[in-house]
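Trainee: Just so you know, we're using our numbering here: the sequence shown kicks off at 563 and counts up by one.
Hints in this document: simulated from the structure, not taken from any laboratory. Hints should not be assumed to be uniformly reliable.
Unchecked claim - Cut-off 25 angstroms, straight-line C-alpha distance, at most; resulting in silico cross-link-like pairs (DSS-like, lysine-lysine):
id	residue 1	residue 2
1	Lys-792	Lys-605
2	Lys-573	Lys-589
3	Lys-793	Lys-607
4	Lys-624	Lys-891
5	Lys-793	Lys-727
6	Lys-851	Lys-891
7	Lys-605	Lys-719
8	Lys-665	Lys-620
9	Lys-727	Lys-653
10	Lys-793	Lys-573
As the structure is a prediction and not an experimental result, all values here were calculated from the model.
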Amino acid sequence: MAQSILYLGNKLSDPKANPTSHQSLVKGLESEGFHVYSASGLKNKYLRLADMIFTFLKNSNKFKIVLIDVYSTQNFWYAIIIARLARFFNKKYIPILHGGDLKNRFENSTFATKKLLGNAYHIVSPSRYFKNEVINLGYHKVDHIPNPILIKDYAFKERNQFQPKMLWVRAFNEIYNPLMAIKALELILNTYPSAELCMVGPDKDGSLGQCVKYAKSKDLPVSFTGKLKKKDWTLLASNFDIFLNTSNIDNSPLSVIESMALGLPVITTNVGGMPFLIDHIKDGILINKQAPEEISSWVDWIVQNPDPTKEITTRAREKVLNFDWDKIKENWKEILV
Numbered sequence: 563m564a565q566s567i568l569y570l571g572n573k574l575s576d577p578k579a580n581p582t583s584h585q586s587l588v589k590g591l592e593s594e595g596f597h598v599y600s601a602s603g604l605k606n607k608y609l610r611l612a613d614m615i616f617t618f619l620k621n622s623n624k625f626k627i628v629l630i631d632v633y634s635t636q637n638f639w640y641a642i643i644i645a646r647l648a649r650f651f652n653k654k655y656i657p658i659l660h661g662g663d664l665k666n667r668f669e670n671s672t673f674a675t676k677k678l679l680g681n682a683y684h685i686v687s688p689s690r691y692f693k694n695e696v697i698n699l700g701y702h703k704v705d706h707i708p709n710p711i712l713i714k715d716y717a718f719k720e721r722n723q724f725q726p727k728m729l730w731v732r733a734f735n736e737i738y739n740p741l742m743a744i745k746a747l748e749l750i751l752n753t754y755p756s757a758e759l760c761m762v763g764p765d766k767d768g769s770l771g772q773c774v775k776y777a778k779s780k781d782l783p784v785s786f787t788g789k790l791k792k793k794d795w796t797l798l799a800s801n802f803d804i805f806l807n808t809s810n811i812d813n814s815p816l817s818v819i820e821s822m823a824l825g826l827p828v829i830t831t832n833v834g835g836m837p838f839l840i841d842h843i844k845d846g847i848l849i850n851k852q853a854p855e856e857i858s859s860w861v862d863w864i865v866q867n868p869d870p871t872k873e874i875t876t877r878a879r880e881k882v883l884n885f886d887w888d889k890i891k892e893n894w895k896e897i898l899v
């Protein structure tokens, strides 16, 4: 009989968010014979919490382990509540650390953090960065398991030349600083008049409107696609040569990992977990946050140095091969079985 698991967190149906790793992990676990109950995709935060609690109670006699997505925003408190429920029902639970600003959340919510992490069966961190941070807090049952991808879904495009055609994929949110990419394009156009930028993702906090307004006011060649399905934006990526990640706060974003798999050289801010994901010059480019001029300089370097850039993209692809589900599934099975 298949082992049943409850997985509560971000279930991907929110139109204001690009897909996360939740669905990939559910599919992967199900392919290994696990039966996974999951929630919630409801937009309203109160209904979402109610759905999680209802799903827990409805299936409480069917599972022994609960996986809980942990974010640094208000969703952090969902994890706290579900973990308390798990303890009450004597269920093992595993927090999965996703939020880019979790370090500050842990520091500002010490009592809740102690209850959440101190009573966990295991703690899973998709990034080495947060694994180290949690160990430094005194919790040692931490496993580094990367966000899963299916590498066969990402066709690697080998480029011999690179043009200043840039792609940005994220929800439009102030913490991801989308305006930085547009301001970088503005600088790049001084050297490369044919440069262009495509921004993929839904609005989260009004940042999309600000970006559209700025681009129009400067008559900049920026296209906004809105949210796209993964298969659509990864296909779109073949039309571009450079990937930008401009976050002020970050952990181990799936869109960056996917871009590395696709063969796009990544220029990213060196915040949070990014230096643990990207080795500067080896398999990507790290820059300071709030520094559009650094993007401009590195785009120029990429265009002028296709051979070293090609080596960067090859090494990046090799790195993310280790994130393939077939490589990491045994790590999950060791914890769950």
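Trainee: Work down the list of hints and note, for each, if the structure agrees.
Mentor: Going through the hints against the structure:
no. : hint              : result
1   : Lys-792 / Lys-605 : 20 angstroms, holds
2   : Lys-573 / Lys-589 : 12 angstroms, holds
3   : Lys-793 / Lys-607 : 28 angstroms, violated
4   : Lys-624 / Lys-891 : 22 angstroms, holds
5   : Lys-793 / Lys-727 : 20 angstroms, holds
6   : Lys-851 / Lys-891 : 34 angstroms, violated
7   : Lys-605 / Lys-719 : 36 angstroms, violated
8   : Lys-665 / Lys-620 : 33 angstroms, violated
9   : Lys-727 / Lys-653 : 50 angstroms, violated
10  : Lys-793 / Lys-573 : 18 angstroms, holds
When held up to the earlier numbered hints, the structure conflicts with 3, 6, 7, 8, 9 and fits the remainder.
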